[in-house]
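Participant: Build out the structure end to end from the sequences listed, making use of the hints.
Residues per chain are reported as follows:
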Amino acid sequence: MSQEILRVNNVSRIYETSGGSFGRKNKVSALDGVSFNLVHGETLGIVGESGCGKSTLGRIISRLDTPTSGEIIYKGNDIAKKSLSAMRPLRKEIQFIFQDPYASLNPRRQIGAIIEEPMRIHGMGKDERRARAHELLEKVGLDKNSYEKYPHEFSGGQRQRVVIARALTLKPELIIADEPVSALDVSIQAQVLNLFKELQDEMKLTYIFVAHDLGVVRHISDRIAVMYLGKIVELGSVEEIYNNPQHPYTKALLSANPRIDQSAKSTRQILTGDIPSPLNRPSGCSFHTRCPIAVPECSTREPELRRIGAVDVACNLVV
Amino acid sequence: MAEKLLEVKNLCVSFKTRKGVVRAVNNLSFSINHGEVLGIVGESGSGKSVSMSAVMGLIKDENAEITGEVFFNGEDLLKKSDEELRAIRGKDIAMVFQDPMTALTPVYTIGWHIREQLQLHSDISDKDAKARAIELLEEVGIPDPEKRVDQYPHEFSGGMRQRAIIAMALSLNPKLLIADEPTTALDVTIQAQILDLLERLRKTYNSSIIIITHDMGVVSELSSEVLVMYAGRMVERSTKSSLFANPQHPYTKGLMNSVPRVDRARTSRLETISGQPASLLNLPSGCAFRNRCPSAHAACTEQPTFISDSNGYGAACFLLTEGVRS
Ligand SMILES: Nc1ncnc2c1ncn2[C@@H]1O[C@H](COP(=O)(O)OP(=O)(O)OP(=O)(O)O)[C@@H](O)[C@H]1O
Ligand SMILES: Nc1ncnc2c1ncn2[C@@H]1O[C@H](COP(=O)(O)OP(=O)(O)O)[C@@H](O)[C@H]1O
Ligand code: SF4
Ligand code: SF4
Ligand SMILES: [Mg+2]
Ligand SMILES: [Mg+2]
Numbered sequence: 001m002s003q004e005i006l007r008v009n010n011v012s013r014i015y016e017t018s019g020g021s022f023g024r025k026n027k028v029s030a031l032d033g034v035s036f037n038l039v040h041g042e043t044l045g046i047v048g049e050s051g052c053g054k055s056t057l058g059r060i061i062s063r064l065d066t067p068t069s070g071e072i073i074y075k076g077n078d079i080a081k082k083s084l085s086a087m088r089p090l091r092k093e094i095q096f097i098f099q100d101p102y103a104s105l106n107p108r109r110q111i112g113a114i115i116e117e118p119m120r121i122h123g124m125g126k127d128e129r130r131a132r133a134h135e136l137l138e139k140v141g142l143d144k145n146s147y148e149k150y151p152h153e154f155s156g157g158q159r160q161r162v163v164i165a166r167a168l169t170l171k172p173e174l175i176i177a178d179e180p181v182s183a184l185d186v187s188i189q190a191q192v193l194n195l196f197k198e199l200q201d202e203m204k205l206t207y208i209f210v211a212h213d214l215g216v217v218r219h220i221s222d223r224i225a226v227m228y229l230g231k232i233v234e235l236g237s238v239e240e241i242y243n244n245p246q247h248p249y250t251k252a253l254l255s256a257n258p259r260i261d262q263s264a265k266s267t268r269q270i271l272t273g274d275i276p277s278p279l280n281r282p283s284g285c286s287f288h289t290r291c292p293i294a295v296p297e298c299s300t301r302e303p304e305l306r307r308i309g310a311v312d313v314a315c316n317l318v319v
Numbered sequence: 001m002a003e004k005l006l007e008v009k010n011l012c013v014s015f016k017t018r019k020g021v022v023r024a025v026n027n028l029s030f031s032i033n034h035g036e037v038l039g040i041v042g043e044s045g046s047g048k049s050v051s052m053s054a055v056m057g058l059i060k061d062e063n064a065e066i067t068g069e070v071f072f073n074g075e076d077l078l079k080k081s082d083e084e085l086r087a088i089r090g091k092d093i094a095m096v097f098q099d100p101m102t103a104l105t106p107v108y109t110i111g112w113h114i115r116e117q118l119q120l121h122s123d124i125s126d127k128d129a130k131a132r133a134i135e136l137l138e139e140v141g142i143p144d145p146e147k148r149v150d151q152y153p154h155e156f157s158g159g160m161r162q163r164a165i166i167a168m169a170l171s172l173n174p175k176l177l178i179a180d181e182p183t184t185a186l187d188v189t190i191q192a193q194i195l196d197l198l199e200r201l202r203k204t205y206n207s208s209i210i211i212i213t214h215d216m217g218v219v220s221e222l223s224s225e226v227l228v229m230y231a232g233r234m235v236e237r238s239t240k241s242s243l244f245a246n247p248q249h250p251y252t253k254g255l256m257n258s259v260p261r262v263d264r265a266r267t268s269r270l271e272t273i274s275g276q277p278a279s280l281l282n283l284p285s286g287c288a289f290r291n292r293c294p295s296a297h298a299a300c301t302e303q304p305t306f307i308s309d310s311n312g313y314g315a316a317c318f319l320l321t322e323g324v325r326s
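Protein chains in written order, with my numbering: chain R, 1 to 319; chain A, 1 to 326.
Hints may be right or wrong, so weigh each one.
To be verified - Residues from chain A that face chain R, not an exhaustive set, calculated with beta carbons under 7 Å:
hint: 1; residue: S44
hint: 2; residue: D187
hint: 3; residue: V188
hint: 4; residue: A192
hint: 5; residue: Q193
hint: 6; residue: D196
hint: 7; residue: G217
hint: 8; residue: V218
hint: 9; residue: S220
hint: 10; residue: D263
hint: 11; residue: R269
hint: 12; residue: Q276
hint: 13; residue: P277
It should be emphasised that the hints constitute simulated quantities derived from the structure, not laboratory data. Fair warning: this is a prediction, and the values are worked out from it, not measured in the lab. Glycine included, C-beta positions come from ideal geometry on N, C-alpha and C.
Facilitator: As structure tokens, then:
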């Protein structure tokens, strides 16, 4: 029986920024009523264009940020409003991996110290820390003598392995990885993706995997959430999303993806217009300014995410 | 009448650094015809950008040494003065970089940028230049060009900035457009717009395009010809179709297999190229790919020569000459 580890209920995040006229604050709705659940051991991939709220969602679930409203039920408890100190024991279980393997490692510290840092914070003894660090270096495929090296002595792929090792120190259950392979060359990206999968099998990890590369997301995920301007517009299994996309945006995204096999080129559909700013979200269905099948009603009626066939879709015209 | 527009012969670029000499580009030779699109692929640091900067005469580093020949329309660009090169750049050869912000000055409007470009190379009044700028913005698909022409770069989105730069690059109908990762910073839907735009321009003006990218999908969408670089050397050169159908060099094969492809059945593991990207300061002797190559053998401690047919298509690997199939 698959067991639910996380349930996200109607989560929104509104940022207030300066720059509004007459000293008023601008409101950026980075996440707007996002809901989904996650089963133990699965990988949920999150795709969508820049600024659609992928990182915000990841940060909020790992409680590096607090939602403006909504619930985040982790193993039965709502952690949405938990204080920093109340979150502390859970930090072990929920780990966040950042996009940039260059920025996320302190250049002045040795790899060993970097990996041991979370264990030190959680009060583990020196010998235990050291033993675990060595075990993890091996697990992520790094040489034992990496322990004494500094980040600059490593390539991007190796640094991302260090970041992964550090995330694994406290035996996490849920890992939220925000574009963890985007900065890597394809051959190295493949190594790191394989590592993610091996570790998942071995340690029964649950992943939320953010990426903009549709090939990468398809490879790693069991289910996919497609986001547009702070909302999930389609959610379903990898097979359904890639073989039988329902939402016009999902279709456009898949069709825009540059394909190695050019035989299907004629079906390519190019969206016109720019990605709207969340500062100025279009009314009704926020995709209506670019949607190739929009009808007048779409600019006033906001579609809800609902189950249609095998997927959840938010579109007025998909029935 | 396949007339060569650009012919690069034995181009070498090296940099003296404190840690030793970095041979960033090694004996690169290739040519491109009118109306052709050449894709250059390779991992980061393989010399893609340095080789194209050398072609454009844009390497200003005192520690750089550049040798070889770069014939453009029959004249060697490496023998030209800075002034002569400036006259060619922008007019005959234009360049588009990965980060659109680096090519734009924040304090000037988009219209100013295009006008500058036009007036640098031709005698055109402010009024006509502005009209032409509006026309160009329209051509690259910027909505409300009359209004947009007076806006500043920060008022444009990333995709619009890249389109504005392409408009600048096209202002003088260049014969050759060199685009260095022009879509890497953009989202796929916007990338699709830019690729579509480049393709339309090639068709309209019969311009040649060199596109540098690490994305095999982009290569496949746009180019007819492909050049693969590894550690500063060209390791394979072929037409797009034969590259994808029948890659020759072990590095190219590895590269193709490590891409998770949307159009293939899902596998639990991706094939990988073992080891780490090449470090130019620490290359193995002989074939630079030797320490990562699944087919490496005794002969590979020597440098393999590039074996090519009369079109220049071929690869640099001993397997080709030995008739061994991996
Ligand atoms: N601290 C903040 N203050 C104000 N606005 C913010 C803040 N963090 C994020 N935003 C805005 O919220 C929206 C979503 O941002 P987010 O970083 O989640 O996007 P993303 O989907 O991860 O994009 P990318 O693919 O570029 O990483 C954006 O419009 C962003 O500018
Ligand atoms: N000014 C410079 N001084 C020293 N090394 C350089 C310089 N510019 C580039 N290089 C080196 O040359 C190699 C090729 O760089 P580049 O052409 O930018 O790679 P890419 O294929 O990613 O475009 C890299 O190893 C890079 O570090
Ligand atoms: S609701 Fe209307 S605008 Fe939105 S995706 Fe569906 S058809 Fe397009
Ligand atoms: S020359 Fe040898 S090492 Fe180099 S690619 Fe060919 S088989 Fe591999
Ligand atoms: Mg992000
Ligand atoms: Mg480059």
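Participant: Work down the list of hints and note, for each, if the structure agrees.
Facilitator: Going through the hints against the structure:
Proximity of A:S44 to chain R holds as hinted, the smallest CB-CB distance being about 6 Å (cut-off 7 Å). Checking A:D187 against chain R by beta carbon gives a least distance of about 4 Å; that is within 7 Å, so the hint holds. Given hint, A:V188 at the interface with chain R, holds; its Cβ is 5 Å from that chain's nearest Cβ, closer than 7 Å. Hint status for A:A192 relative to chain R: holds, with the closest Cβ pair at about 4 Å, below 7 Å.
A distance limit of 7 Å between C-beta atoms decides the matter here; for A:Q193 the minimum to chain R is near 6 Å, and the interface restraint holds. Nearest Cβ of chain R to the Cβ of A:D196: about 6 Å, under the 7 Å cut. The hint holds. This hint holds: A:G217 has a C-beta 3 Å from the nearest C-beta of chain R, less than the 7 Å allowed. Proximity of A:V218 to chain R holds as hinted, the smallest CB-CB distance being about 5 Å (cut-off 7 Å).
A distance limit of 7 Å between C-beta atoms decides the matter here; for A:S220 the minimum to chain R is near 5 Å, and the interface restraint holds. The restraint placing A:D263 at the interface with chain R holds, with a minimum CB-CB distance near 5 Å, inside the 7 Å limit. Hint status for A:R269: holds, given a least beta-carbon distance of 5 Å to chain R, under 7 Å. With 7 Å as the threshold, the beta carbon of A:Q276 comes within range of chain R, its nearest partner Cβ sitting at about 5 Å, so the hint holds.
Taking 7 Å as the C-beta cut-off, the interface hint given for A:P277 holds, the closest approach to chain R being about 6 Å.
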